[in-house]
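Following the hints, position chain L against chain E.
Residue numbers (my numbering), protein chains in the order written: chain E, 90 to 272; chain L, 490 to 671.
Don't read these hints as lab results, they were simulated from the structure.
A hint or two may mislead.
Derived coverage of chain L by chain E (criterion: at least 3 residues anywhere in the stretch with Cβ under 8 Å from a Cβ of chain E; other residues may be distant) [as the list claims (entries may be wrong)]: (1) 563-576; (2) 606-619; (3) 660-666.
These numbers were taken from a predicted model, which means no experiment stands behind them.
Quick reminder that beta carbons are idealized off the backbone N, C-alpha and C, glycines included.
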Amino acid sequence: MAKPLLDAFLLFCRVSAVAFGGGYTVLPLLQKELVDGRGWLTEAELSDCYALAQCLPGLIVINMAVLVVRPRLGRAAAWSACLGVLLPPLLIVLLIAALLGNFVHLPVVQHALAGIRCAVAALVVWSAYRLIRSGVRDWPAAGLFMAALALLLFDWLSPALIILAAAGAGLLLGRLRERRAKP
Amino acid sequence: MIYAHLAWEFLQIGLFAIGGGLAALPFLHDLVGKYDWFTLAELADMVAVAESTPGPVGLNMATYAGYQAAGLLGGVVASVALILPSILVASLVCRFLTRFSNSRAIEQMFAGLRPAVAGLMSAIGLSLISLAVGAGSGAFPASISAKALLLFCLMLAAVFIWKKHPIVYVAAGAVIGALFRF
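This is chain E alone, in the form it adopts within the complex (with noise of 0.2 Å):
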């Protein structure tokens, strides 16, 4: 009974540990521990786990636990994985945090922070960079790039009730679409 907890719990903190900035190094280690180590999925079914869990909301590697976990090893397991998901972040976060708490007053440390936040800039205009190459691709979207930037940007609106306008639109779009091929 407590074996499927433990193995787990287990594999989804050494998941979770080794995704390092971005969701995009979890899928190597996934397909040697679950295709080629246990054998619970096939490549394919892996890669479609994936997509699914890119699409639904909150955090990628929290989705793939639920997802893979769940439908072979049960619900407690998954909850298991999960909490296997939160621990490894939440101990080294936490130290950081607290020891940068301590020093953050230094000037060394100031100045090295001015320099990050050049960085950090850069990361996520880059990070911007690829969702516009992948997600804007036709006038209509352009319209609701623009439209969720300015929103944004002068603050007219929450970043929730953006998104929920945004898929409502999407939905919209793709009616007057369909509607519009049929003669």
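This is chain L only, laid out in the frame that chain E set:
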């Protein structure tokens, strides 16, 4: 009751932040104006730490943000609240997996979501550029530091050309910032 506020805000982020990685960033940015939990500059530091430590970026950011707002317990509350909606939604989807994965309505919704998420991330990009190179705190800086602007442009070129792991740029930014007294 700060923990209840934290839990409520991070439950929402867990439910609405779609796309993984930095998807939680626009929501955390929203919190800067709403509560006095952390400043925009502290948010940028959180991104740096979250991108440079093991663990999913969203979870790292939530843990750090919760800690910044309300200490150790705040970090635990925020990260648990962040993952709860995911667990519930993914469990629900497990039951309807086959019907769900090729639904046309879902596809249409995502055709609308993708450009919007790109727009949100672009807006945050502008605010963070303004934070890095300027003195102001909004999207439009009051004054610009030439040194920081140069470093930002170099970083941007480096990110686009080499596509190394984020931690490389964060480390380079720290060293350059400390050496040249930014």
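*Mind checking, does the stretch 606-619 of chain L have 3 or more residues with a CB under 8 Å from chain E?*
holds (count 13)
_Outcome, coverage hint (the stretch 563-576 of chain L, chain E; C-beta under 8 Å; three residues)_ = holds (count 9)
_How does the stretch 660-666 of chain L fare against chain E when you require at least three residues with a CB closer than 8 Å, holds or violated?_
It holds: at least three residues are needed, and the stretch 660-666 of chain L offers 6 whose Cβ sits within less than 8 Å of chain E.
Comparing the model with each numbered hint stated earlier shows that all of them hold.
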